[in-house]
Amino acid sequence: MATPSFDTSGFRARRNRSRIAMALCLAATLIGLTCLAFVLGTLLVKGLSGLSLRVFTEMTPPPGSDGGLLNAIAGSLIMTILAVALGAPIGILAGTYMAEYGRHDRLTNVIRFINDILLSAPSIVIGLFVYTVVVAPMRHFSGFAGAIGLAIIVIPVVIRTTEDMLRLVPDQLREAAASVGMPRAIMIRHIAYKAARAGMITGVLLAVARISGETAPLLFTALNSQFWSLDLNAPMASLPAVIFQFALSPYADWQRLAWTGALLITITVLALSILARTLGQKGQST
Amino acid sequence: MTTAVINRSATAGRQGALARLRRNDLLFKNLTYTAAIFVLILLGAVAISLLIGAWPAILAFGPGFITTQSWNPVTEKFGGLAPIYGTLVTSFIAMLFAVPVGIGIAVFLTEACPKPLRRPIGTAIELLAGIPSIIFGIWGLFVLAPFLQTTVQPALIAAFGSVPVLSSLFAGPPYGIGILTASLILAIMVLPFITAVSRDVFETVPPVLKEAAYGLGCTRWEVVRNVVIPHTRVGIIGGIMLGLGRALGETMAVTFVIGNAHKISSSLLAPGTTISATIANEFTEAVGDLYSSSLVLLGLILFVISLIVLSLARYLLWRLERREQG
Chain A
0 MATPSFDTSG FRARRNRSRI AMALCLAATL IGLTCLAFVL GTLLVKGLSG LSLRVFTEMT
60 PPPGSDGGLL NAIAGSLIMT ILAVALGAPI GILAGTYMAE YGRHDRLTNV IRFINDILLS
120 APSIVIGLFV YTVVVAPMRH FSGFAGAIGL AIIVIPVVIR TTEDMLRLVP DQLREAAASV
180 GMPRAIMIRH IAYKAARAGM ITGVLLAVAR ISGETAPLLF TALNSQFWSL DLNAPMASLP
240 AVIFQFALSP YADWQRLAWT GALLITITVL ALSILARTLG QKGQST
Chain B
0 MTTAVINRSA TAGRQGALAR LRRNDLLFKN LTYTAAIFVL ILLGAVAISL LIGAWPAILA
60 FGPGFITTQS WNPVTEKFGG LAPIYGTLVT SFIAMLFAVP VGIGIAVFLT EACPKPLRRP
120 IGTAIELLAG IPSIIFGIWG LFVLAPFLQT TVQPALIAAF GSVPVLSSLF AGPPYGIGIL
180 TASLILAIMV LPFITAVSRD VFETVPPVLK EAAYGLGCTR WEVVRNVVIP HTRVGIIGGI
240 MLGLGRALGE TMAVTFVIGN AHKISSSLLA PGTTISATIA NEFTEAVGDL YSSSLVLLGL
300 ILFVISLIVL SLARYLLWRL ERREQG
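Residue numbers (numbering that gives the first Met the number 0), protein chains in the order written: chain A, 0 to 285; chain B, 0 to 325.
Mixed in with the good hints there might be a few duds.
[Stated by the list, open to error] For each label pair, taking beta carbons as the anchor points, the in silico distance ranges come out as:
#, chain 1, residue 1, chain 2, residue 2, range
1, B, Ile36, A, Ala26, 47 to 57 Å
2, B, Val286, A, Gln225, 31 to 41 Å
3, A, Ser178, B, Ala16, 10 to 20 Å
4, A, Gln171, B, Pro113, 34 to 44 Å
5, A, Phe112, B, Ser69, 35 to 45 Å
6, A, Leu229, B, Arg321, 44 to 54 Å
7, A, Met137, B, Asn29, 22 to 32 Å
Simulated from the structure, these hints should not be mistaken for laboratory data.
Quantities reported herein were computed from a predicted structural model and do not represent experimental measurements.
We put the CB at the ideal spot given by N, CA and C, even for glycine.
So that you can see chain A by itself, here it is in the shape it has in the complex (with noise of 0.2 Å):
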């Protein structure tokens, strides 16, 4: 009588298939992770030997001596405040109707798919489209205009959470608030966005994170300016500008100073998407 054999070499080869498969997996990861740090790694120690308080007190200079970033940055900052001030207002009303009015609507879908084109549209197409429709009426470049390409930017990403957060505020709430007599639209205004409020901030600050690294849309909107200068009507200096300016130049210290700008970004930026982070899954858990 034979005893049964298993064949167990065959496992043993779709074991080792498995297991080599796993460790491309592995080395996938690895990959991956040793590019964020080769890249922040790099950003530090570049930026870090640029930094000092002059950075932040003095102008961009002239090749061939010191100065600072002063006035990138607060072109930067007065860009981006007025962008998320044009841009965040609309997201959210338009949000809020896909999420409250036109929920069922054919129309909201529409909307949502055009919202979503525009989220990963080309940021430099959207400068053409400043550019044609702002500054060329009004010859020249300004501050303004780089403003209104950022604010478009703003927008679609601010729509997506506001009507993702609102959709996922009880409609047990809504229709409480229906039962006691409240209108709709104090409804929205003191029960759901108080419910979703978390989420929606967390909306806002991923939208300033990803417009505080743009370039394509200033290029030709807000230009650069190599002086102080707070008059919207301008051409104003921004970060990124003059990263790209200053990177591309064959001088030593402006590259040197395209580093520090660019490691001032980067902590921004990260700092941005970990505070929406946090915020994000407070909201999501009370």
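Knowing the structure of chain A, use the given hints to seat chain B on it.
Frame of chain A, contents of chain B only:
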């Protein structure tokens, strides 16, 4: 009879308040409606303004614009073949690198990664997505390009120099900047998008299916290959298209390392250009209506290409989502 008076004025007041509330309600609804419609108008306005801006160039060059390589601001002869070619080739090579690595990371995170490491690694990869493209540009120019120039590119030239087809693909000299460098930077940039989408769709696979496969004695890889990936194929393709859409339109990172040369070279090591890099480099310096109009036409072409890719991506992901719910 004072009570009646009070009652009457109370009802009048109440009706006034109700009317006011109703008016405010309608106002708020219309306000949100207007904002929602604004999004549609915005996309339409982008398309129309690009078309108007590109019209002189369309009239002057016709469909031949897409197949002509010459780009001569002096004689005002413009053709978009070199940037279009550069955009497509860099994106394609970027996907060659990014797709296997991105999906590999997603498989590792969902199937093999120890639980406590899952979130930190996932977060780290997502942070990679948030780093602005100009940072990758400056990193590519000062770190990656010199590294490729001194080590990888000479090795490629030496290794493939005598192989028939590959020798022209990897023909020297090693500039550092060029098509290959731009593709690598793009690959790093779209990696997190592919990973994030793949991971999300992998997590939609019902555990019962996987458990059943494990119960039959499948190895981990067999479960991934025969259960997880077939179940989520549409979503993965959607994620890849989303990454492709990003790669096609990516501007700053590419502008730094592509070399901005308006010619098509058979070698991947040679400098080239892409649509977005051409626009970023030349638009502010473009003199003459035909020059800037040609650049806008390039922008229009890029817009149309990425519109098609992104629509397809969203459609595939939406189909998967609907299957999930239905």
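Query raised in the report: Which of the listed hints are not met by the structure?
Result: 2
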